[in-house]
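What follows is each chain in one-letter form.
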Amino acid sequence: MPAPEDPPETAAFQRVDWDDLENRWYRPRLRTVLFLCWLAGIGGLYLYDRYYAHVYLVGEWKVSLLDWLFLLSLAVFVSYVLVPAARNRERTLGYWRRLRRDRPALIASAYVAVFVLVGLVGPLVTGDARIRFEHQFQPPIGFTSDASLVHDCLGTAADGRCGWSLQYPLGTDVRGHDVLALSVLGARVALYVSMITATVVVPIALGVGVVAGYVGGRVDDLAMAYVDVQQFVPAILLYLLFKVYFGRSLFLLVVAFGLLSWGGIARLVRSETLQRREEGYVLAARSAGAGRLYVVRKHLLPNVSSTVVPAVAHLIPVLVLTEAGIAFLGLGETGLNSWGMTIAHGLDETWAAPLDQWWVSLVPAVFLTTTVAAFKLAGDGLRDALDPRGDR
Amino acid sequence: MSGEPILSVRDLERHYPITRGLFRREVGRVRAVDGVSFDLERGETLALVGESGCGKSTAARTLVGLEDPTGGTVRFDGADVTTADGRVATDFRRRVGMVFQDPDSSFNPRMPVGEAVGEPLRIHGMRDEQRERAIVTELLELVGLSASHYDRYPHEFSGGQKQRLALARALVLDPEVVVADEPVSALDRRVQDDVLDLMADLQERFDLSILFISHDVDVVRSFCDRVAVMYLGELVERGPVETVFEEPAHPYTRALLGSVPALDPGDRGELVTLTGEVGDPADPPTGCRFHPRCPAVIPPPEYDLPREEWRALLDLRFAVADAADADEDPRTGDRSLREAHGVPAPLSDPDAEAVLERALTDVEDGATERGARRLAEAFTTVCEAEVPPEIDVDDRPVTCHRHDDRGD
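Chains X and P are the protein sequences, given in the same order. If you count by numbering that gives the first Met the number 0, then the first sequence holds residues 0 to 391, one letter each, in order. If you count by numbering that gives the first Met the number 0, then the second sequence holds residues 0 to 407, one letter each, in order.
If you're looking for bench data, these hints aren't it; they were derived computationally from the structure. Here the structure is a predicted model, which means the values were calculated and not measured. Relax, there's no trap hidden among the hints.
Pair ranges (Cβ atoms, derived):
no. : chain 1 : residue 1 : chain 2 : residue 2 : range
1   : P       : E376      : X       : Q229      : 52 to 62 Å
2   : X       : W67       : P       : D79       : 49 to 59 Å
3   : X       : A224      : P       : R188      : 46 to 56 Å
4   : P       : S157      : X       : V80       : 33 to 43 Å
5   : P       : A281      : X       : Q229      : 31 to 41 Å
6   : P       : V87       : X       : E277      : 21 to 31 Å
Just so you know, even glycine gets a beta-carbon here, dropped at the ideal spot from N, CA and C.
All chains, full assembly: derive it from the sequences and hints.
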């Protein structure tokens, strides 16, 4: 019997004055404060932009509705993912340690990080893709293009072929757009799609799933019946409907897909919640006096992450692909240099055969494929990394 | 140990509605706990014992407030806590700790165990992390673990260690009562002993009163002072462990004791084994709920039948009745009904034999319903007809007709 020798007269927990502890007014956590500040900032900026500034907010930045939405989702991401991770450094280091051991997931995560960075900052560097017909059909580094298609060959021309130049490392398309710049702009579109839909989908799915699973009964029946109905409405149909009334816009696309794609994840969260709400640790917390909100925050949400993280990581690439598909079909927002649109341009035979301008479609296609694959790999890796049981 | 019990439960009821359809119309009720009363005295260990499915865990959860009781009262230290809220409820939750059966689900896999043990402190408003850590560290040592375990995760511990941690968590609010729901059932016998020793130690040191829920008669015998035996949502017998286990007054207690494989088969004269399953709490048997399985079910005075014959005859009667309800032929295979239920031919009472003969002929002719009615009219038992009252047998409450004036 491993009883302690010579224990003190009273244990520390016996010396607690319980009445003294109970002045527990709510103290908001840093993430919440930060989020509210950010929200207020965006709100102020929006009002300033709307009623005071003319056309441009800062410099030449015309802030679209989509940009505001993106700023909001960025606020959610930073406050509820990055800040908690930075605050609880030890736990984050544990995640990192586990992620590091999974080589493919690590590489994929690194790619996702670069993708996010390029999507955020890239367009500031490259600027908008400018039309320069005189520079059309420049080949990418290491290749040549048919000189008869090229107006001004920037590289060395020989044998009816135009050589590459450093000015356009990934070549140019029919209008002289820099393919590198187009790819970077496409990354921004993909980033917008993934960030915004994720921040729409995750809170709704978590909210509906946890409430349905935890409250149960009629609420559960109703919520799940609604999800069933919703899953019968294809988001693309809703987008096409929006398009008829409001015109093509990435904003509407993101809204349509964000609002209709959370059903599956909500269902997963619900079943996970149902399973866990009777677990010993939930009962223990409740028998100690924990309220529903406490149980949800401390026990249910951390444990559904293992289903939500990979589910979202699989949803995002589907949405990115869908957006590219819509743009490829020419149904996307005009003038938005989505990867799908660039691919479509590269395959357009009006001015040159697709094989004579192969890089225009290939480069964005490679980015698209890599991004999709990276999200899936990183999602699976992250799920394993978030689970402390992986430490064996 | 003053006179007043620390925890006093009266007529506790927990029914679950069975609902159907879109509007959740109630079509029935599962009577998981159906009128349970007992007192937990200060400093004692009271066992709530019964087969799995008898409602003992639900009773425990209901009395600590994890489930809302549908009836009855729970008084803690003199105050009614059945539907309490505010101060009284907070106080009650602090002063009652709970330990659960499954060590693997007792801890959140994503929370270091130190944090989990200290969680009740935070729930009750402690914001001082240093202090919390000090309290938890000391407790970890008290239950036989060490401070270095604080930051580990649950999967790094064995079942026995997790139950020690669960005890630490139950104690962290300095409770007076610990409700332990099958705390050692998932452990090996050797580990069981260690954890029980620890519980006894902690009980003595911190003046705990323990409500110990278990299906394991041997564990109860070695660890508890008093015992309440539960069957299908009701208590059938209560009393000190020695007397209840030495001289069980209720046939169910006797059967429960017999169902434990004894190391020395010679140490109990009469060994009865329980057959069949615990009844359906959604549709409990009338009268005494144990009568469909009771080996000592009381025969009507007009017949003179030995106990086994009467039991077999009743089994046959119930089988025919079930078959009549379901509109089936009660005979299965090529065995006769008599053989299938072990009813001797002829019965030792000629009157009973005559009735049985006629009923079997009915069944033979395909008139199962008539046969069932004939059997039901002739072979009645007080155990089925009337709910047994609670009677004091040697100063302990027992609910069995064999002890009121009708029996024997």
